[in-house]
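K.L.:
With the sequences and hints as input, model every part of the structure.
Here is what each chain is made of, one letter per residue.
Protein chains: 2
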Amino acid sequence: MRTIKIHCMSVFLFLLAFIVSPLYAGFGRPDIKSPEVHNDRRVTFRLLAPKAEKVEINVRFAEKNQPMQKDPDGLWSITLGPVEPEIYEYIFIVDGQEVADPSNPWLKLWRSTAKNLVEIHGNEPMFFQEQQVPHGTVHIHRYNSKSLGVTRGLYVYTPPEYETNRDTKYPVLYLLHGLGDIEDKWTDVGRAHIIADNLIGGKKTLPLVIVMPYGHTPNTAGFKNFGNWDEFEKDLIEDVIPFVQEKYRVSPDKKDRAISGLSMGGAQTLTVGLSNLELFGWIGAFSSALVGRQYDQLLAEPDKINEELELLWIGCGRDDSLLGGNRNFIEQLDFKKIKHVSRITDGAHEWSLWRRYLNEFIPLLFRRD
Amino acid sequence: MRTIKIHCMSVFLFLLAFIVSPLYAGFGRPDIKSPEVHNDRRVTFRLLAPKAEKVEINVRFAEKNQPMQKDPDGLWSITLGPVEPEIYEYIFIVDGQEVADPSNPWLKLWRSTAKNLVEIHGNEPMFFQEQQVPHGTVHIHRYNSKSLGVTRGLYVYTPPEYETNRDTKYPVLYLLHGLGDIEDKWTDVGRAHIIADNLIGGKKTLPLVIVMPYGHTPNTAGFKNFGNWDEFEKDLIEDVIPFVQEKYRVSPDKKDRAISGLSMGGAQTLTVGLSNLELFGWIGAFSSALVGRQYDQLLAEPDKINEELELLWIGCGRDDSLLGGNRNFIEQLDFKKIKHVSRITDGAHEWSLWRRYLNEFIPLLFRRD
Numbered sequence: 001m002r003t004i005k006i007h008c009m010s011v012f013l014f015l016l017a018f019i020v021s022p023l024y025a026g027f028g029r030p031d032i033k034s035p036e037v038h039n040d041r042r043v044t045f046r047l048l049a050p051k052a053e054k055v056e057i058n059v060r061f062a063e064k065n066q067p068m069q070k071d072p073d074g075l076w077s078i079t080l081g082p083v084e085p086e087i088y089e090y091i092f093i094v095d096g097q098e099v100a101d102p103s104n105p106w107l108k109l110w111r112s113t114a115k116n117l118v119e120i121h122g123n124e125p126m127f128f129q130e131q132q133v134p135h136g137t138v139h140i141h142r143y144n145s146k147s148l149g150v151t152r153g154l155y156v157y158t159p160p161e162y163e164t165n166r167d168t169k170y171p172v173l174y175l176l177h178g179l180g181d182i183e184d185k186w187t188d189v190g191r192a193h194i195i196a197d198n199l200i201g202g203k204k205t206l207p208l209v210i211v212m213p214y215g216h217t218p219n220t221a222g223f224k225n226f227g228n229w230d231e232f233e234k235d236l237i238e239d240v241i242p243f244v245q246e247k248y249r250v251s252p253d254k255k256d257r258a259i260s261g262l263s264m265g266g267a268q269t270l271t272v273g274l275s276n277l278e279l280f281g282w283i284g285a286f287s288s289a290l291v292g293r294q295y296d297q298l299l300a301e302p303d304k305i306n307e308e309l310e311l312l313w314i315g316c317g318r319d320d321s322l323l324g325g326n327r328n329f330i331e332q333l334d335f336k337k338i339k340h341v342s343r344i345t346d347g348a349h350e351w352s353l354w355r356r357y358l359n360e361f362i363p364l365l366f367r368r369d
Numbered sequence: 001m002r003t004i005k006i007h008c009m010s011v012f013l014f015l016l017a018f019i020v021s022p023l024y025a026g027f028g029r030p031d032i033k034s035p036e037v038h039n040d041r042r043v044t045f046r047l048l049a050p051k052a053e054k055v056e057i058n059v060r061f062a063e064k065n066q067p068m069q070k071d072p073d074g075l076w077s078i079t080l081g082p083v084e085p086e087i088y089e090y091i092f093i094v095d096g097q098e099v100a101d102p103s104n105p106w107l108k109l110w111r112s113t114a115k116n117l118v119e120i121h122g123n124e125p126m127f128f129q130e131q132q133v134p135h136g137t138v139h140i141h142r143y144n145s146k147s148l149g150v151t152r153g154l155y156v157y158t159p160p161e162y163e164t165n166r167d168t169k170y171p172v173l174y175l176l177h178g179l180g181d182i183e184d185k186w187t188d189v190g191r192a193h194i195i196a197d198n199l200i201g202g203k204k205t206l207p208l209v210i211v212m213p214y215g216h217t218p219n220t221a222g223f224k225n226f227g228n229w230d231e232f233e234k235d236l237i238e239d240v241i242p243f244v245q246e247k248y249r250v251s252p253d254k255k256d257r258a259i260s261g262l263s264m265g266g267a268q269t270l271t272v273g274l275s276n277l278e279l280f281g282w283i284g285a286f287s288s289a290l291v292g293r294q295y296d297q298l299l300a301e302p303d304k305i306n307e308e309l310e311l312l313w314i315g316c317g318r319d320d321s322l323l324g325g326n327r328n329f330i331e332q333l334d335f336k337k338i339k340h341v342s343r344i345t346d347g348a349h350e351w352s353l354w355r356r357y358l359n360e361f362i363p364l365l366f367r368r369d
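Residue numbers (my numbering), protein chains in the order written: chain A, 1 to 369; chain B, 1 to 369.
Careful: at least some of the hints might be erroneous.
It does not matter which identical chain is used: a pair holds within one copy or between any two.
Computed cross-link-like contacts, DSS-like style, restricted to lysine-lysine with a CA-CA straight-line distance of at most 25 Å [to be verified]: (1) K247 to K169; (2) K234 to K54; (3) K70 to K51; (4) K247 to K33; (5) K33 to K224; (6) K70 to K336; (7) K51 to K64.
If you are wondering where the hints come from, they were derived from the structure by calculation, not from laboratory data.
P.N.:
Structure representation (structure tokens):
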């Protein structure tokens, strides 16, 4: 009887595979695991490329491209590490051409292309990794921008219990992305929602709403008119903020409204924030791309800034090519005796830094002490 | 004076490009446009691969792989079409290996790999393309599944004006994904939120909430235990539905609760729906993977099904390898005199069909006539 049962099961599994296989058709070899993260924090990368002559990997934790080894089946592989817990970018280089890892569906989709991501966990989850705390919600909107005459995307994070605490009004952080990004990047790669969940769960901040708008506008996409944020400012103030205040229970008090951003978004933050001191009480500029604009003009009234702002926070990595512009800006703040917090830290122009900055910046916000 | 002004501008632009270029570093050639969709609905695909000997494209609207042409710089290209307005999958094949288009950030991320997507617009937006109607919101949740002991993802669509009509309770559709998918696919590729926006805006349906849960469970991922949906059923009924009913203003009436899904999700829909007639009033199964389970057992009480269900809707494409199983199921429904709507249509096992089915199914729901 047992034999018959096994035979029936075999026939069933054979038929199942036959029937279901079209569902998998055309999707490469599912048996190749890449990246494979080992328990000791080493990582193995694999790529099937039998005809390639040279395959390398460019991965953020290695100084230069690392050559991969080919087996007789044409499967190239390399094991690297152990490395520190972090989210790292990588890409394969096949005979000189960048190729995304076909076995890894997690990519950082940039405006024109993509890099794969690999996440390394330590013994305990890091500040940007999901912990055993209550989780908030990320909301994806499309809104009609009257000021720009187009329909645009907008992401909003609400804290845990937002949906059930129906009488609470929350403070709100407007969080801006970089030149190569769109409105999903602060969650997809920046993990703003998880960082906020962990800070709230760990009682390091009060619950807050985070609004992540789309930073490009019809006349300023990419390098075009870089440094002119008039359209963005108009959309943010006349469309995004009213939309958020209509849809969400957010406080209308400027002491409950902050703005921050990275790179291009840092430049937008300083321009829009310092030009609208009646709207924003807290400003944070991460690795800002301070070019194409007279920023001293924004600092023309030091006394007013000191009076109106609760916090002006500037951060930049020592290995960032934008460090010079940020240092100049900080010197101007010092010269004009404008109160601020400046943080020149380790790191380059990259997401690992911006996740850390956000984790440091949020707990400083909305304090009344 | 004009000359000097131009020179200053040139210097500025040169410096700007120099300063900002690190923001673009490592992201391939931004000057390659691929795919380029022309106004006449032809499409040009391009790939820089100077060392490749043969580059082809596999694109859904062409019968077989199409050979691309190489120019002296090693840029391969091909122009195809004109084609009907639709979202098409494609992938490059470089010397026999599938390679995603590095110039196109829109990919359908499958469990183990990705295919690029290209969207063709007609003169008017199609039913799955953004129209001039009010837009709803897509909400991304992480919830603790007590029944599975893990934290899982969940997408929820709410209709336009949900946030402001604070006294309305909405009917709700539970919409399940396929074997290769995760919980974001019904929005990212299926465009469920846009289809719903357009149907609501066009008065073809009343506003509804759509809940898109994650369909894999710890003991049934992929082919493992395919056909055993016990864990999924437990999570849906004991965790997902209570979570939604706590967070959202949805009607608790079963005449306001529908379930549908595609492929694996279609099989889950039939199993969970027909086993829980006290919970669901409307059932829709799209291209269902009816294997590994005695479905006639679910049809053991025809009278009860006819009494309890408002609608049982079955659809499958003529070119789908799962057509046989669906035809058998429909024959059983006929034999047992169970009321249903069956739709055998043009099409294969693919998203263009499932978008059409959803667009046809939603307007049938929640009617009281």
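K.L.:
For each hint, tell me whether it holds in the structure or not.
P.N.:
Against the structure, the hints:
Both within a single protomer and between protomers do K247 and K169 lie at most 25 Å apart by alpha-carbon distance, with minima of 12 Å and 17 Å respectively. Within a single copy, K234 and K54 get their C-alpha atoms no closer than 50 Å, and across copies no closer than 50 Å, so neither meets the 25 Å cut-off. In this assembly of identical chains, K70 and K51 lie within 25 Å of each other by CA distance both inside one copy and across copies; the values are 10 Å within and 19 Å between. Neither within a single protomer nor between protomers do K247 and K33 lie at most 25 Å apart by alpha-carbon distance, with minima of 43 Å and 38 Å respectively.
Within a single copy, K33 and K224 get their C-alpha atoms only as close as 41 Å, which misses the 25 Å cut-off; across copies the closest is 17 Å, which meets it. In this homomeric assembly, K70 and K336 never come within 25 Å of each other (Cα to Cα): the closest approach is 60 Å inside a single copy and 59 Å across copies. For a Cα distance limit of 25 Å, the shortest separation of K51 from K64 qualifies both inside one copy, at 24 Å, and across copies, at 22 Å.
The earlier numbered hints that this structure contradicts are 2, 4 and 6.
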